[in-house]
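2 protein chains.
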Amino acid sequence: MGEHTVTSFDDDLEEVDKLIREMGDLAGSMIGDATRSLLSSDNPLAQRIISDDAIMDAKQRELDERAITLIARRQPMAQDLRAVIGAIRMAGDLERIGDLAKNIAKRVGAIGQSTTPKSLSHSIESMAEMVHAQTSGIVDRYVGRDAEALKALRAGDEKIDIKYTAIFRELLTYMMEDPRNITACTHLLFCAKNLERIGDHATNIAENAYYVMTGNQLPISRPKLDETAVSDATA
Amino acid sequence: MGEHTVTSFDDDLEEVDKLIREMGDLAGSMIGDATRSLLSSDNPLAQRIISDDAIMDAKQRELDERAITLIARRQPMAQDLRAVIGAIRMAGDLERIGDLAKNIAKRVGAIGQSTTPKSLSHSIESMAEMVHAQTSGIVDRYVGRDAEALKALRAGDEKIDIKYTAIFRELLTYMMEDPRNITACTHLLFCAKNLERIGDHATNIAENAYYVMTGNQLPISRPKLDETAVSDATA
Numbered sequence: 001m002g003e004h005t006v007t008s009f010d011d012d013l014e015e016v017d018k019l020i021r022e023m024g025d026l027a028g029s030m031i032g033d034a035t036r037s038l039l040s041s042d043n044p045l046a047q048r049i050i051s052d053d054a055i056m057d058a059k060q061r062e063l064d065e066r067a068i069t070l071i072a073r074r075q076p077m078a079q080d081l082r083a084v085i086g087a088i089r090m091a092g093d094l095e096r097i098g099d100l101a102k103n104i105a106k107r108v109g110a111i112g113q114s115t116t117p118k119s120l121s122h123s124i125e126s127m128a129e130m131v132h133a134q135t136s137g138i139v140d141r142y143v144g145r146d147a148e149a150l151k152a153l154r155a156g157d158e159k160i161d162i163k164y165t166a167i168f169r170e171l172l173t174y175m176m177e178d179p180r181n182i183t184a185c186t187h188l189l190f191c192a193k194n195l196e197r198i199g200d201h202a203t204n205i206a207e208n209a210y211y212v213m214t215g216n217q218l219p220i221s222r223p224k225l226d227e228t229a230v231s232d233a234t235a
Numbered sequence: 001m002g003e004h005t006v007t008s009f010d011d012d013l014e015e016v017d018k019l020i021r022e023m024g025d026l027a028g029s030m031i032g033d034a035t036r037s038l039l040s041s042d043n044p045l046a047q048r049i050i051s052d053d054a055i056m057d058a059k060q061r062e063l064d065e066r067a068i069t070l071i072a073r074r075q076p077m078a079q080d081l082r083a084v085i086g087a088i089r090m091a092g093d094l095e096r097i098g099d100l101a102k103n104i105a106k107r108v109g110a111i112g113q114s115t116t117p118k119s120l121s122h123s124i125e126s127m128a129e130m131v132h133a134q135t136s137g138i139v140d141r142y143v144g145r146d147a148e149a150l151k152a153l154r155a156g157d158e159k160i161d162i163k164y165t166a167i168f169r170e171l172l173t174y175m176m177e178d179p180r181n182i183t184a185c186t187h188l189l190f191c192a193k194n195l196e197r198i199g200d201h202a203t204n205i206a207e208n209a210y211y212v213m214t215g216n217q218l219p220i221s222r223p224k225l226d227e228t229a230v231s232d233a234t235a
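Protein chains in written order, with UniProt numbering: chain A, 1 to 235; chain B, 1 to 235.
Okay, chain A solo, but in the shape it has when bound (with noise of 0.2 Å):
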């Protein structure tokens, strides 16, 4: 009987785990198409990503219920409870994520026809596949509960923040050479901006997971090279 109950939890979970990996799939596939979508004016596909998080939003109510109906059903102790208030924490970030991805893909009408010089374009679309990469490697890690990789993957964040700050940069000067930039610029900074953010809701999720694998706290805190910038007069 024993031996029975921790099946079905186990059982359970991986429900919930299903659903944890489907929403990491969608959060991977809308930061990419966020970011084309606004570099090359695509209506449509900005369109596409609304819908998208719509679909994220009913994943995450459903994993909600389940874990709540999880709980209730099979009251687990310890451990086992982690994992699965972990999972919403994760999915919460998930989320996030998605709604990041979203506010991208609203700012392509915005930013019209305004044409976003090569160099600043492949910057921002680099950082994009870092975020995309970073994001699903740690749901992958998570979902193959692989507690030592996730630890390596958290220095991904450090390289986002390295990018994130030097398109900063490069926006700024964009804006200072012709005040016409600025508008345009602007949703730019705030589509970086979102990308830094998403790397940080990634990390959060990577720390999750982790706690949840293994009781403890990931060793060494993320390095905050964003917070380091400011006082060096960047964001």
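Just so you know, the hints here were simulated from the structure itself, not pulled from any lab data. Mixed in with the good hints there might be a few duds.
Simulated pairs of lysine to any residue, SDA-like, Cα-Cα distance not exceeding 25 Å [stated by the list, open to error]:
| # | chain 1 | residue 1 | chain 2 | residue 2 |
| --- | --- | --- | --- | --- |
| 1 | A | K151 | B | Q60 |
| 2 | A | K159 | B | F190 |
| 3 | A | K59 | B | Q79 |
| 4 | B | K18 | B | R169 |
| 5 | A | K18 | A | R82 |
| 6 | B | K59 | A | A78 |
| 7 | A | K59 | B | A149 |
| 8 | B | K18 | B | K151 |
| 9 | B | K59 | A | D80 |
| 10 | B | K151 | B | L81 |
| 11 | B | K159 | A | D99 |
The following residues of chain B were derived to be distant from chain A, with all beta-carbon distances above 10 Å [unchecked claim]:
| # | residue |
| --- | --- |
| 12 | L13 |
| 13 | E125 |
| 14 | A155 |
| 15 | A166 |
| 16 | E170 |
| 17 | F190 |
| 18 | M213 |
Backbone N, C-alpha and C define an ideal beta-carbon position, used for all residues, glycine too.
Knowing the structure of chain A, use the given hints to seat chain B on it.
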């Protein structure tokens, strides 16, 4: 015995609510102080907010621990369980509010001594007051279990979004007027955006609180004014 168990759950939940109230009070003072430190280049005040955020984080960890222990010990069903999960979520939003206030405070060094035009300072200060009142009001209504009042308070977020759009436009104007304003205005833009996001977190808290109290979603979806504004070339 049934009676006794119920009372104990309520006592435990009251302890959790006490932490929500403390986090709400701290969030309120951080919002006002962060904005003041930025507009008056007050470095010692900025440092205090950065320490306040560590206190906020500690309170959230304490609440999480208490909530998880509460679930494990009392094994609450349905509605009680939702109340505890709701409290964990509200604490998550309050912690984010602390982060956003800290991020404002961290920009004090970056803006330096560049003076902010009086009318702009006034607008940002008044936006911070709106956001502070909104956050405190919602936490008070949750602690006082006043679901009806929460409905009315949601309209406050609409006013905050309108204010944000006005400040965004004002900042663009200053940047276009003189490129030397660009760096400082960019930080003020993030400051205003952070205040707007704090308003969104307060709305999340209102939604969670209403759900905990009534078991229903808040009836009218929050007006997404910032998003409408995007297609009108603001953020």
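Against the structure, the hints:
Under the criterion of a C-alpha separation no larger than 25 Å, the hint pairing K151/A with Q60/B is consistent with the structure, at around 24 Å. This hinted pair checks out: K159/A and F190/B have alpha carbons roughly 22 Å apart, not beyond 25 Å. As the CA atoms of K59/A and Q79/B are separated by approximately 21 Å, the hinted pair is consistent with the 25 Å bound. A hinted pair counts as satisfied when its Cα atoms are at most 25 Å apart, and K18/B with R169/B does not qualify at roughly 40 Å.
Between K18/A and R82/A the CA atoms are separated by roughly 17 Å; this keeps the pair inside 25 Å, and the hint holds. Annotation: proposed proximity of K59/B to A78/A holds, straight-line Cα distance about 20 Å (limit 25 Å). Restraint check for K59/A and A149/B: the C-alpha separation of about 30 Å exceeds 25 Å, so the hint is violated. The straight-line distance between the Cα atoms of K18/B and K151/B is roughly 23 Å, inside the 25 Å bound, and the hint therefore holds.
Simply put, K59/B and D80/A have alpha-carbon atoms about 23 Å apart, close enough for the 25 Å limit, and the pair holds. Proximity of K151/B to L81/B is assessed by CA-CA distance (about 23 Å); at most 25 Å being required, the pair is judged to hold. Note on K159/B and D99/A: the hinted pairing holds, with a Cα-Cα distance of about 21 Å set against a maximum of 25 Å. Chain A leaves L13/B outside its interface by the beta-carbon criterion, the shortest separation being 16 Å against a cut-off of 10 Å.
Separation of E125/B from chain A is adequate, the least Cβ-Cβ distance of about 21 Å exceeding the 10 Å criterion. Every beta carbon of chain A lies more than 10 Å from that of A155/B, the smallest distance being close to 21 Å; the non-interface claim holds. Every C-beta of chain A lies more than 10 Å from that of A166/B, the closest at about 15 Å, which supports listing it as non-interface. Interface exclusion of E170/B from chain A stands, the closest Cβ pair being 13 Å apart, more than 10 Å.
A Cβ of chain A approaches the Cβ of F190/B within 10 Å, the least distance being about 6 Å, so the stated non-interface status is violated. Under the 10 Å C-beta cut-off, the non-interface status given to M213/B relative to chain A holds; the minimum distance is some 16 Å.
In the structure shown, a violation is registered for the earlier hints numbered 4, 7, 17, in ascending order.
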